[in-house]
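If you read the protein sequences in the order shown, they are chains A and B.
Here our numbering is used: the first residue of the first sequence is 1, the next is one more, and so on.
Here our numbering is used: the first residue of the second sequence is 1, the next is one more, and so on.
Hints are computed from structural coordinates only; laboratory data are not their basis.
Pairwise CB distance ranges (calculated):
{"hint": "1", "chain 1": "A", "residue 1": "106", "chain 2": "B", "residue 2": "57", "range": "23 to 29 Å"}
{"hint": "2", "chain 1": "A", "residue 1": "127", "chain 2": "B", "residue 2": "79", "range": "53 to 59 Å"}
{"hint": "3", "chain 1": "A", "residue 1": "96", "chain 2": "B", "residue 2": "99", "range": "30 to 36 Å"}
{"hint": "4", "chain 1": "B", "residue 1": "169", "chain 2": "A", "residue 2": "18", "range": "54 to 60 Å"}
{"hint": "5", "chain 1": "B", "residue 1": "15", "chain 2": "A", "residue 2": "18", "range": "57 to 63 Å"}
{"hint": "6", "chain 1": "A", "residue 1": "112", "chain 2": "B", "residue 2": "295", "range": "40 to 46 Å"}
{"hint": "7", "chain 1": "A", "residue 1": "82", "chain 2": "B", "residue 2": "276", "range": "51 to 57 Å"}
{"hint": "8", "chain 1": "A", "residue 1": "90", "chain 2": "B", "residue 2": "63", "range": "53 to 59 Å"}
{"hint": "9", "chain 1": "A", "residue 1": "261", "chain 2": "B", "residue 2": "104", "range": "28 to 34 Å"}
We treat Cβ as the ideally placed atom computed from N, Cα and C, and that holds for glycine.
Here's the letter readout for the chains.
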Amino acid sequence: MSANQERPDRAGLLDLDSVSKFYRGRGRGRPPAKLAVDAVSFRIEPGASLGLIGQSGSGKTTLARLITGIDKPTSGAIRLGETRVDLLNRRELRSYRRSVQFVFQDPYAALNPASSIGYILTRPLANHAGVTRGAVDSHVRDLLAKVGLTPPEQFMSKFPHQLSGGQRQRVVIARALASKPRLIVADEPVSMLDVSLRAGILRLLSELRETDGISLLYITHDLLSARAVADELIVLQEGRVVEHGPARQVLQYPAHEYTRRLIDAVPRPASHPTFGAPVQPG
Amino acid sequence: MPLLEVSALNVSYHGRQASVVAAARDTSFALDEGELVALVGESGSGKSTVGQAVTGTLPSAAKLSGRIVFDGTDVVGLSPEALRRSRRGGIVMMPQNGLNALNPVLTVEGHFWDVLRSHQRVRRASARAIAGSLLGKVGLDGSVLRRYPHELSGGMRQRVCLAIVLSLQPRLIVFDEPTTALDVLTQQQVIQTIVGLVRSEGFAGLLISHDLGFALENTSRTLIMYAGRIVEELPSGNVLSHAQHPYTQALIGCYADPRADEVVLSGIPGSPPDLSLGAESSCLFAPRCRYALPRCSAERPVLRPVGPGSTACFLAGERLSEVDHVS
Chain A
1 MSANQERPDR AGLLDLDSVS KFYRGRGRGR PPAKLAVDAV SFRIEPGASL GLIGQSGSGK
61 TTLARLITGI DKPTSGAIRL GETRVDLLNR RELRSYRRSV QFVFQDPYAA LNPASSIGYI
121 LTRPLANHAG VTRGAVDSHV RDLLAKVGLT PPEQFMSKFP HQLSGGQRQR VVIARALASK
181 PRLIVADEPV SMLDVSLRAG ILRLLSELRE TDGISLLYIT HDLLSARAVA DELIVLQEGR
241 VVEHGPARQV LQYPAHEYTR RLIDAVPRPA SHPTFGAPVQ PG
Chain B
1 MPLLEVSALN VSYHGRQASV VAAARDTSFA LDEGELVALV GESGSGKSTV GQAVTGTLPS
61 AAKLSGRIVF DGTDVVGLSP EALRRSRRGG IVMMPQNGLN ALNPVLTVEG HFWDVLRSHQ
121 RVRRASARAI AGSLLGKVGL DGSVLRRYPH ELSGGMRQRV CLAIVLSLQP RLIVFDEPTT
181 ALDVLTQQQV IQTIVGLVRS EGFAGLLISH DLGFALENTS RTLIMYAGRI VEELPSGNVL
241 SHAQHPYTQA LIGCYADPRA DEVVLSGIPG SPPDLSLGAE SSCLFAPRCR YALPRCSAER
301 PVLRPVGPGS TACFLAGERL SEVDHVS
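Isolated chain A, as found in the complex (with noise of 0.2 Å):
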């Protein structure tokens, strides 16, 4: 691995540079030694976002793992602006994660069931932004504004069990966003939601990118949505970059062969050969 100096100059928000992660084997009944991650490499610029598409086990989360500095690269390089995340100690890495927030799948299990929505947004804040105890109140009221869930007053005091999933999961967003993130890392996060709730989170990832130039690493495996929120896609295959491109295109013209199965598995109700005549009403 490389020092801590050179730096390209054409280096986006986020930068990866032929990232490898290879986990060893540890014996008997433990998962088989495995190159999760084969050099990868892709960038995000500030306020775009970026899809990665793959299957379970296609290395999508051992790269938010890279990302977000909880596992480190066996080689290649991450950088955050001008940070090499890769080469950050444990105490740097702290401050790091102010600029990279997570979103996870599961808002059930995200949020901690026996303390208040209030006191979930004071923490992130009180913690990473500096806010002092008196100000405390009017920027839980602010995000809670931020990500639709107004009047604030009455959410403050709720308790998670009292919100339904996608509320919950707009108030993992604003603990997300508390700490003033340059990258968002949402994983999966609105395939435990309803349907019907999912363009409304969606719209609001998008919200954030234009308002606050935040950028997002968008990790599914369900296309619709990937289309709906990045520029760009990126479909990994065991641990592979097997096509990255603007999402439209890679969509419309798809090179490879999982690429065009994963299109395949949408269901697309209108376009669906099995679908009979209708029958004529009345």
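The hints should help you fit chain B onto chain A, whose structure is shown.
Frame of chain A; chain B shown alone:
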């Protein structure tokens, strides 16, 4: 005579302080032999409650009224033992998540052995043979028998559950979100296996799903549930062209072809209603409905035949697209 006839089914939960949650309200539908029907709704719409009522697996706190007639017999109020015995050749629930449904310390063979011997006299060797052939039907091979649930992938677990369900030779299987926890490609493979088995084995299926697109692609008829009631029923092939209920139309708007030049997902504003309200005197979808009339908050529409299906909406039969131009 239909295989299953549910009439005026009401399921409610009575909490402390006289609060009542009516999870299923006056629900009626029928299912024919060998038919695969979808029951579609958002979380909290009551679709799983209906599935649990039909399979006799409601929590004991639930209060149930109405009739559930299976093959000429009312199954409401059967004793637990009669219910258990009725599973063989009767109604069986296929669980949503194989990892939770399977016993982590039992091999796949152990699961078959448990189920088979509690319903029939069977020797270990023939149980193994039966299990092997059922696993073949769901696309797995006999080597799975020695495995534990944690050693299997999500798709394999769902197939194992399906094979165990088949060992009871059911005439009706209630599939409660059978593929929700799986990734898209596995999802497609599992549902194709289910559809194939409905054809080859001849059992009927009630497919409970929150995913309209998925339901329409795989079933012959679709029931749309909202706030505890069936609000629309249509042949699946007619839903896109003939959906009359604004809720069904809004659900259709949640889908799009990801390959289109312009992708717009409309979603449905607002959230589903609180079911702890008593008998309602209005359409519960009205607060989220873009076509709502004053009448909709004063009177409850009932399910009535419209075109190829039935719809519970005052505007059904009118062209909503024209109403749209006015609003």
